[in-house]
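2 protein chains.
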Amino acid sequence: MSEYHPLTESEAIELARRIEGVFPQGAELTCREIGDGNLNLVFHIRDEQSGRSLIVKQALPYAKVVGESWPLTLDRSRIESEALIQEGRLAPGLVPKVYKYDPDLALTVMEDLSDHIIMRSGLMQCRRYPLFADHISTFLANTLFFTSDLGMNQQEKKVQAGRFINPELCKITEDLIFDDPYTVSSNNNYDAAIEDEAEALRTDEKLHFEVALLREKFLTQGQALLHGDLHTGSIFVREDSTKVIDPEFAYYGPMGFDIGAVIGNLLLNYAGQLHWSADEASRTSYREYLLETVKSIWTQFDRKFRAHWNEKNVDRLAARAAGYQDDYMRRLLQDSIGYAGCKMVRRIVGLAHVADIDRIPDAAVREKAQRIALRIGKALIKGNRGAESIDFAIDAAREAAAALKG
Amino acid sequence: MSEYHPLTESEAIELARRIEGVFPQGAELTCREIGDGNLNLVFHIRDEQSGRSLIVKQALPYAKVVGESWPLTLDRSRIESEALIQEGRLAPGLVPKVYKYDPDLALTVMEDLSDHIIMRSGLMQCRRYPLFADHISTFLANTLFFTSDLGMNQQEKKVQAGRFINPELCKITEDLIFDDPYTVSSNNNYDAAIEDEAEALRTDEKLHFEVALLREKFLTQGQALLHGDLHTGSIFVREDSTKVIDPEFAYYGPMGFDIGAVIGNLLLNYAGQLHWSADEASRTSYREYLLETVKSIWTQFDRKFRAHWNEKNVDRLAARAAGYQDDYMRRLLQDSIGYAGCKMVRRIVGLAHVADIDRIPDAAVREKAQRIALRIGKALIKGNRGAESIDFAIDAAREAAAALKG
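Taken in order, these protein sequences are the chains called A and B.
Take any residue in the first sequence, count from 1 to its spot, add 3: that is its number in our numbering.
Take any residue in the second sequence, count from 1 to its spot, add 3: that is its number in our numbering.
If you are wondering where the hints come from, they were derived from the structure by calculation, not from laboratory data.
Treat each hint with caution, since some may be false.
Pairs involving identical chains hold if they fit within one copy or between any two copies, as the list cannot separate such chains.
Said to hold, decoys possible - Restricting the straight-line Cα-Cα distance to at most 30 angstroms, the calculated cross-link-like pairs of lysine-lysine (DSS-like) are: (1) K103 / K385; (2) K408 / K220; (3) K246 / K100; (4) K408 / K385.
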């Protein structure tokens with residue numbers, strides 16, 4: 004079973020059985036393939052009697068998105084597994100435990116999180132996660148600081164960056180986030196009702212300029228080991244638990260890209276929530292919850308990252324250059340806001356959408372949500388380099404909602 | 004002869020004889036080791052009769068600088084050889100031809116340039132090189148543009164960046180250029196007469212802030228394949244020819260670091276020339292020649308780089324984002340000015356100095372040259388982010404000379 008082939012369910016069971024310390028001897032294991040079949044096989048393997056379970060995730064040698072299919076490296080399985088192990092070391096309890104990685108089969112055996120739900124679904128149900136801002140800000144502060152030149156040996160960092168060179172998956176981001184939405188592309192995908200918005204994205208010179216700057220940083224700025232795809236569909240939650248999954252886009256890039264992914268996806272839900280939940284009072288309250296969460300994530304991240312800097316900095320010059328930390332955090336905030344905007348725009352006009360908005364059943368309401376999301380996204384992109392506080396993003400969200408709610 | 008050991012002269016001759024197309028059959032080859040013995044063995048191998056010759060350059064497994072010795076990877080020989088081959092492809096005629104690279108012996112067999120002289124020596128003799136600005140601006144524009152995301156396939160660039168991860172040699176730069184000169188360090192080395200200057204470098208908060216920003220870019224910004232050590236001792240010249248040598252510090256970094264190295268070293272010579280050459284009239288004229296050369300290098304680089312961008316850009320968004328090229332070139336100018344300043348400061352108070360200033364025989368004159376160089380260097384570092392034209396550097400040089408010439 005050493006050469007690559009997609010596993011059968013019985014092979015997955017045999018492989019799971021050999022993981023030590025999970026299943027009792029002779030357990031009767033059941034297997035269910037629960038992946039969406041676009042990128043990976045995901046086997047859920049369970050022993051009914053003990054209630055124990057685990058996940059076998061195997062990379063497929065192609066990607067399927069909206070009917071298209073293209074070949075994709077199996078090496079992403081190694082990158083995912085190595086990133087999970089690093090993240091688990093730096094942010095204990097905030098990612099699934101990795102039991103085994105098999106490079107030949109391009110698979111990872113990991114902790115089963117089926118007692119959690121995907122955060123995007125939780126947000127769509129207006130659920131609240133009181134610990135989420137604390138958890139995700141710890142995940143971000145720890146993984147970003149301690150894989151950067153500020154928090155790890157600077158020569159080892161270079162070698163590590165070499166192990167996370169990830170050209171194929173970076174190309175997906177470069178095309179789908181930083182290029183297609185701003186031009187005519189067969190990768191784009193949007194409702195005819197917002198053709199005017201799509202056209203405006205293609206002709207807005209100020210927007211193109213800012214996206215070019217953000218794209219340049221994504222291409223060149225190896226600040227830290229990023230998750231690389233940290234939207235609310237890559238986060239499993241319970242009220243008391245947060246688990247970040249699927250770091251197959253991991254590479255050395257600008258820290259703000261991960262922070263912005265979280266913020267942008269909360270704001271996409273915000274744009275959808277304007278017309279989505281049960282009654283106006285609970286809607287208003289949930290929108291406030293989302294904005295408070297955005298603010299709290301940044302505020303806690305800022306505090307935790309600075310604490311690491313003050314206590315664990317390894318860069319002698321950074322440690323003693325007056326004003327440098329403040330400048331660094333300001334640039335990080337601005338990058339995060341800019342990338343949050345890019346993430347929002349691509350989810351409305353680009354290839355891959357989000358359920359928060361796509362599943363709004365009423366077409367007119369959905370269109371309004373799309374316009375609100377685009378208005379926020381464009382404001383964040385255009386204003387990122389002038390932003391001095393996370394309130395800039397909060398205000399942009401309120402402004403767009405007020406202007407278009409109608 | 005396949006396992007690593009330092010070559011003897013007779014082994015070097017045998018190796019040279021096996022290179023095809025250089026020496027006639029049965030030639031009587033002579034060999035002279037001409038390296039400085041600090042980092043490499045350099046064998047000059049020649050056939051008196053035909054006049055043909057070549058160089059065998061072998062890396063030693065240690066570095067010796069000012070009496071200290073530390074182990075150093077032999078992999079720098081691979082990096083040097085691969086960088087030379089790339090540079091030769093992108094800037095034909097501006098680097099020595101590579102005949103052979105032997106990874107086991109960590110050696111490169113290359114074109115002999117002994118009809119050229121080291122540019123630093125030429126400058127110290129007040130010689131002029133009318134084609135130098137044209138040549139070096141072509142070298143910079145071609146090697147930097149076509150190894151960047153603007154000029155090469157962006158996925159291949161990432162793979163290539165992985166082949167040029169160069170932790171040990173980057174560490175030398177990070178320590179000696181971006182750290183030691185601004186603190187108390189046993190690596191520093193300066194005349195007691197300028198203790199006040201050294202002290203000022205250690206306590207100047209504005210300077211530390213700017214150096215921290217430049218250091219951060221050196222650590223994180225993988226814009227293009229740099230030469231990495233492009234001072235005037237890494238350039239061979241004749242009146243009609245320019246050859247860039249010794250790219251063992253090559254890695255993916257900020258373009259301005261290479262441009263700044265050339266400019267900073269010309270300005271170091273300028274600081275030394277104030278008191279160095281024969282008579283006041285020729286001194287004045289040579290100083291003007293140096294400043295004109297600095298200006299011409301940037302102006303020609305700017306024109307050639309923009310021409311590549313307009314004709315050969317592979318980044319679709321960069322190609323259509325209005326104002327992006329101007330902004331990019333402005334940032335490149337500012338980086339170049341900042342790095343030029345860092346290069347100047349470290350050559351006065353840091354570990355490794357330059358002959359342009361160290362060899363000034365009169366101590367008082369030498370001290371004045373050191374103070375001028377530091378004044379220019381600090382002005383370039385502190386002012387880099389406000390600079391809008393190369394005249395900023397020219398003016399800073401003139402100002403320092405006028406203020407301290409006395």
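Hints, one by one, checked against the model:
1. In the homo-oligomer, the alpha carbons of K103 and K385 never lie at most 30 angstroms apart, since the shortest distance is 44 angstroms inside one protomer and 52 angstroms across protomers.
2. Proximity of K408 and K220 under a CA criterion of 30 angstroms is satisfied in neither setting, with 34 angstroms inside one chain copy and 43 angstroms between copies.
3. Proximity of K246 and K100 under a CA criterion of 30 angstroms is satisfied intra-copy only: 10 angstroms inside one chain copy versus 55 angstroms between copies.
4. For the identical chains of this complex, K408 and K385 are intra-copy neighbours only, at 22 angstroms inside a copy versus 49 angstroms across copies, given an alpha-carbon limit of 30 angstroms.
Comparing the model with each numbered hint stated earlier shows that hints 1, 2 do not hold.
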